[in-house]
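Asker: Residue numbers (my numbering), protein chains in the order written: chain A, 2 to 929; chain B, 2 to 929.
Since the hints were derived computationally from the structure, they do not count as laboratory data. Since we're looking at a predicted model, the values are computed, not measured. Where hints are given, some of them may not hold.
A pair counts as met if it fits within one copy or between any two copies, since identical chains are not told apart.
In the EDC-like style, the derived pairs of lysine to aspartate or glutamate whose C-alpha atoms are separated by at most 16 Å in a straight line are [as the list claims (entries may be wrong)]: (1) 301 x 247; (2) 430 x 253; (3) 746 x 461; (4) 301 x 248; (5) 275 x 329; (6) 430 x 252; (7) 886 x 506; (8) 845 x 506; (9) 297 x 426.
There are 2 protein chains.
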Amino acid sequence: LALLLLSAELASLLLTAVLSCPATKPSMLNVHLVPHTHDDVGWLKTVDQYFYGGRNYIQHAGVQYILDSVVAELQKDPARRFIYVETAFFFRWWSQQSRSTRNIVTQLVQEGCLEFVNGGWCMSDEASTHYSSVIDQMTLGLRFLNDTFGECGRPRVAWHIDPFGHAREHASIFAQMGYDGFFFGRLDYQDKDRRMKTKEMEMVWRASASLNPPTADLFTGVLPNGYNPPPGFCWDQSCSDDPVQDDPALEDYNVDDLVSRFISISKAQAALYKTNHIVMTMGSDFQYENANPWYKNMDKLIHYVNAQQANGSQVNVLYSTPSCYLQELNLANQTWPLKSDDFFPYADGPHDFWTGYFTSRPALKRYERLSNSLLQTCNQLEVLGGPKSRSGPFGKGDSDTMKRAMAVAQHHDAVSGTEKQHVADDYAKRLAEGWAHCQVLVSNSLSVLSGSEVPRVFCENLNISVCPLTEGSKMFSMNVYNPLARPVSWSVHLPVNGTSYNVTDSSGNVVDTHLILIYTAARPLCADLKRPRVPSAPTLSGRASALRRPSPAAPPLCADLHAASPLCFQYLKVTFDPNTGLLSGLTNLETQQSVQLTQNFYWYNASVGNAESSQTSGAYIFRPNSSTPCAVSKKPDISTLQNSVVQEVRQQFSPWVSQVVRLYEGSRELELEWTVGPVPVEDGFGKEVITRFDSNISSAGYFYSDSNGREVLERRKDYRPTWDLTQTEPIAGNYYPINSRAFIKDGKAQLTVVTERSQGVSSIYNGSLEIMLHRRLLRDDYRGVGEPLSEPGEFGNGLVVRGRLLLTLTPPETAADSHRPLAQGLVLQPLLSFQEGAPKPTSKLEFSALQAALPPAVHLLTLSQWDSESVLLRLEHQYESGESKAFSQPVTLNLQVHTHTHSAVTALLPCCLLYRLSLLCFDCSFFS
Amino acid sequence: LALLLLSAELASLLLTAVLSCPATKPSMLNVHLVPHTHDDVGWLKTVDQYFYGGRNYIQHAGVQYILDSVVAELQKDPARRFIYVETAFFFRWWSQQSRSTRNIVTQLVQEGCLEFVNGGWCMSDEASTHYSSVIDQMTLGLRFLNDTFGECGRPRVAWHIDPFGHAREHASIFAQMGYDGFFFGRLDYQDKDRRMKTKEMEMVWRASASLNPPTADLFTGVLPNGYNPPPGFCWDQSCSDDPVQDDPALEDYNVDDLVSRFISISKAQAALYKTNHIVMTMGSDFQYENANPWYKNMDKLIHYVNAQQANGSQVNVLYSTPSCYLQELNLANQTWPLKSDDFFPYADGPHDFWTGYFTSRPALKRYERLSNSLLQTCNQLEVLGGPKSRSGPFGKGDSDTMKRAMAVAQHHDAVSGTEKQHVADDYAKRLAEGWAHCQVLVSNSLSVLSGSEVPRVFCENLNISVCPLTEGSKMFSMNVYNPLARPVSWSVHLPVNGTSYNVTDSSGNVVDTHLILIYTAARPLCADLKRPRVPSAPTLSGRASALRRPSPAAPPLCADLHAASPLCFQYLKVTFDPNTGLLSGLTNLETQQSVQLTQNFYWYNASVGNAESSQTSGAYIFRPNSSTPCAVSKKPDISTLQNSVVQEVRQQFSPWVSQVVRLYEGSRELELEWTVGPVPVEDGFGKEVITRFDSNISSAGYFYSDSNGREVLERRKDYRPTWDLTQTEPIAGNYYPINSRAFIKDGKAQLTVVTERSQGVSSIYNGSLEIMLHRRLLRDDYRGVGEPLSEPGEFGNGLVVRGRLLLTLTPPETAADSHRPLAQGLVLQPLLSFQEGAPKPTSKLEFSALQAALPPAVHLLTLSQWDSESVLLRLEHQYESGESKAFSQPVTLNLQVHTHTHSAVTALLPCCLLYRLSLLCFDCSFFS
């Protein structure tokens, strides 16, 4: 049903395109000039500074003027074209326009003069984004265009001209969204060289190994000059190329020279492509602030170049757009080469691998991921709590602030970590504002759902054991909201001030808890670990627990064993080397399989440039000055903790690296909670800190990493699937992004690492897997950011980052059964909220939006208020084809069984179809 | 009659102004925002590069886009205003516009939205320009505006915001042209400080000591911020001030801050001025290429600042123009302080005197002056030869090319010598093209007047004794055209190859000539000096002489006496120190007065900055590193020459400085022909070369220099007439511009130096006068030109410059009787042309346009074709009030007596009125 719908739309689309595309000359070489601007949604300046043109001393850029100017220039000649990309900016601009300007713009859109391409809120990063947030940000942008311009505003091509490498999952999403094609600018220089020689600059990207072709097939084109004009033909105010000087009465008349140079450039470019149509991107970063010089000179160029046709020239230049260019390619009836891997890593030179940003700004990367979790909860509770969620006892709340903050954060200089420090601070601030607005909404919603209007607090600093309410209260209650569509277990650590607590669940049952003494530099307190693990908690659920502190009693139990004894519960056994205190082995007690496994922390010293290349390590580029990393310590200090719910080995490697190796009762995964920073740089070297697992798994150079948190791609050391690689950076050239998981395996065992943020990963040695955790650098890497990546942290002496890796050891064939739910559990984690005192007797302590958990294969991706009449529901099959015997099968789901009869939720159900990873509910909800 | 006419025009003007000026609020402080651009007619780029926006890598500037953009923005709101200044650019732009754009612009001009100010072809330099060329360039610009827009296009204010010091003669010209007022930006920082304290930023400039007030009175205003906006309010694309960020939903909302800063700046500025109206220049160099950011933000500023009036604010902001501002000042009925000296020299800091450019690029300064002479001849011969001058036997010729080249050359970074080298080359090239076009016209005209179509050549390199025709011909004839309205004597030096020549004048009489052996490095030839001196030659006249070389005879007479014997003819005796060979005394044999007079050449080493200031000497700035100059030589090598027409002492001071001291038979002036260069810089020091006269005249710190070649101003060492000077640069702070003459005097004697180009002059010691001749520098002076002033010259090793000073010794009361005609004779010098062979018997060998010479006081300033129906005639009284007993009197002239009945010439005569220095013919011819 849904596929049928898509095809029908496509057909009508092409019809529209034919109507608004410029005429070409079939017998000639047609040069499609595509006037465009590339407007970063934050980079050297914040998104708002870019919009207004504030702080132009940092970078001259003001998007308000770009749109003003382009709209004025398009009105002067119906032949002129412009494409616009970033809806975050267009939305801001539109909101400031008068009705008459809006009418003019609408007409320009209807006539095809102004065309939106890509159309998301931003042009997302492809290496460090999670697919759920990418889909959300695309939705936000596309919906605005659809609401504002209808079908005419619908982008037909995806346009990722700047991102530094391209994820297959992005292409898959674009294909499933119904884009006709995809264009980008950056790819590995060796890959580009080969493609130019073999005329493979344009291809069909088969972007999923799970979906049946052509569901995820996408025409993909590499643009000839990145996204810039050909040399000598940049007429933006930011450029210095000579204009067309066509008055013979003035000095420097240059028409003849320009025309012959343009014709020769066109012919040279045509030799690299398959048809008699070529495309030229006429624009670049923040160009067209003054569109007149661009259009005035392009008008003249077109006039004078085409005038040569009278003298036999076979070159025809025209204003065009990517979709019109694509339409001509379609008409050419060519066969295109097929591409099925991805475009990582990206290098623009032998020693210039853009693999550092996979890890850059790890705290921002985590905050962005955590914010997504809160946003999904916020969305769900907005639906479940009804209109009172947005305006209730705690004031006005909304999810829009967070939606926009998250959408902005997906930008390829946002979560990527490649922005200036003040801009990174701005992204974080926007997210924090999103949190504040969502927390009001959540409080309102929970008051509706629970019947309690007692204020709630959201202890955001539990990761550093800070929560004033729990620390100061004699009795408080905690609500746990689980945004997944199935039950999860979740351990909760709360800082408290007392020495003994009674903990009961919503039914009044006592919960197993333990008080643990912890030391932190800033807060030498004895705090407690609690673990109200609720294995069968209903899904999409809130649950309240009450914690009461009795009268003071004995001091807490503070374990402090200084030997690394094994950790062991029913599913997993973890051994440590008694001499070094390092991890030494892992045994899956269910499958009875063991591996030798050591783990340690290392750093690469950052290159400051050498004789081979001046390239430094920086926000974008990873370039170690040696392939051998330095160990932080070969023998960490050890302390251990054991009780009935958790066993820990705490390793202190140095004053700036520590780790807690933690095994929970009932867990099949090992948790490694690492703390890194401030990274010392007093020795004059920037450092890139990794943790490395070395096992006896025979991985033979292969390893695996996910694409945007969804499908998994095979990686191989010193190898690229589509060309004969000359490896010039043995470490950096083997790094790939992970968003949620990576693994190595052999015939028997698979060691999987699940992460809670995006990072860089590689496998340099047989049986090893290394993950870059943190970076602190002293040099800029000459890609424009103009700052060394050295985050100041709270005290200005360098950022401390804490994170977790979850480790599983399984047979390869059942690995996905573990890592899929584990990863989803990290992406959508429970939201805790706290209330002073005991719950009122009238409060409802537990509720669930679902009557029963969804089947394991089905993931509730989105439940969000669409408008006052309907909600958006996205369900997806979360297993790849073939990765799980148990779950990689088609699933039939009767939504009536799982949902309460909630009219809003069911409103969109007829559009939904579940099959493997497809998210057809999204397509139909947006484009219907 | 003429004064009456002017008053009538003024009244109608004010009426127009009332109609188009914006409303103000009488009870408030009215802030007149004046949107403007300052477009240099060449500086770092050539005028055409600036027009098109070529070579933007040198400087981002493209005037075509400025006018495009401003015209578009003015149409959006009738309240918006813009002023435009440089007609050289407007003319280029207008010629490329469509009829519909022209209609729009005409309407904008009629509505007062687009207002022309100043309106000359360029904004002329005030230190190194000659008044005749300033008047010509103003005429060219104003005429275009008048022809194109009529009365609405007429500029009402003069606007010299950038020139580096202000000449009184400029103000006088502006006053006589009917401007209502004059605004500028630069004046001495001490002067400005004082004027701000005393509220004397605005004044009446009484710009002539000869004309009866208020003929040369001009309201003059000093702008508050040079010509820039107040700090923080520059919204051009070239600026980085924050825009008005008025969306509270976005970060960086700044309306409150901007409004309060603007109000406080306005109040502070109002404290420096007398009325409740103040002006702010909203623009700067080449701004408004993208006018939208400017207007969009000014719109908002006006809106938000005026919105504060509802809260009691007394500040009212409005779009305005200088003439509307001036109208409000007129209505305020204030009395203004009176100013009667000038604004030289200009310093923007204690060690930053802009007195170097008085001399910078001496060869360009001379070429410009010589080009004016050719242009006047070209203009006259265009009239006298009739239409065949423009299209005749030698093809198409015109005077327009030279008119435009000369008009461009008047720009304050052209003849001033403060442009980049490639731009100086462009100015010279334009002049050379003007020469070529004029030479065709002159050839055509002379063929009409003489009846001979034998081709003519114009030996342009006679100053270095190069003329292929005279060097290679056995018989040739020479025509001398005298553009003055009275006879002159003029010596002619021609290079020849023979050893004996017969020279006859137009009547066949033998002329006294001498052959002289000369040595030059490049051409070791024996060449000849000829002197067909024709004391009673008719004026505006051509005269042909025939030179025939007889059979070879005895070798030429080559005098080579190695002792400095006195030079002496009937009027003058010149003595030399027998030990040193330097000049030692001068005696006027008519008046029997003598002075001790030594003369030598020196250089100042250029400062490279020192502890007091980092200021260097450069194209603009003169800053010697010591107040004591170095003598080039104290004992030059000497050779002498004496014959019946000339006596010479040739002094070789060094390989790079030489001089010929030359006295002609019948002359009252001594000629000093200096040759300087290449200035050696191998010692690492830039050098500024002067010649200094030291006499026993008791000048007591006083000296005199002309203003733009017309009236003379008194100068006094370490003194300014209008404020208490703190002298911080004892040499550079005492330099003033001369355009044609300077002198020192005491009760008995006046020593006058007449120059043939603009230079810098000072008198540092009692009885001394020093003139800077040449400069070669190794550092830039940080005023933007970005190049050291080191002209490469023909061989790349430094420029050689040759020039002349004419020296007279007279009683003070009769000095002007000599220097006025001497100076005019240098400004308008005869044009020589040569023809191979003897004149045909049918040729007319002599003609004159005048029946008799004009009276000595009357100078024919202009005779030029105005259109096909009429010619422009400008006559002026060339003596100042009181400077000459014989000639400083009113003159009555019956033009019918002096002119042939030539209808074109007489067409404008009814408008002409002669009185002292007034040029009322100009006024009436242009504005009638």
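Asker: Now look at each hint and say whether the structure bears it out.
Answerer: Structure-based check of all given hints:
1. 301 x 247: within (8 Å within a copy, 38 Å between copies)
2. 430 x 253: between (52 Å within a copy, 13 Å between copies)
3. 746 x 461: Neither: 37 Å inside a chain and 90 Å across chains, both beyond 16 Å.
4. 301 x 248: within (12 Å within a copy, 39 Å between copies)
5. 275 x 329: within (12 Å within a copy, 70 Å between copies)
6. 430 x 252: between (54 Å within a copy, 10 Å between copies)
7. 886 x 506: neither (36 Å within a copy, 120 Å between copies)
8. 845 x 506: within (13 Å within a copy, 126 Å between copies)
9. 297 x 426: neither (40 Å within a copy, 30 Å between copies)
Comparing the model with each earlier hint shows violations of hints 3, 7 and 9; every other hint is respected.
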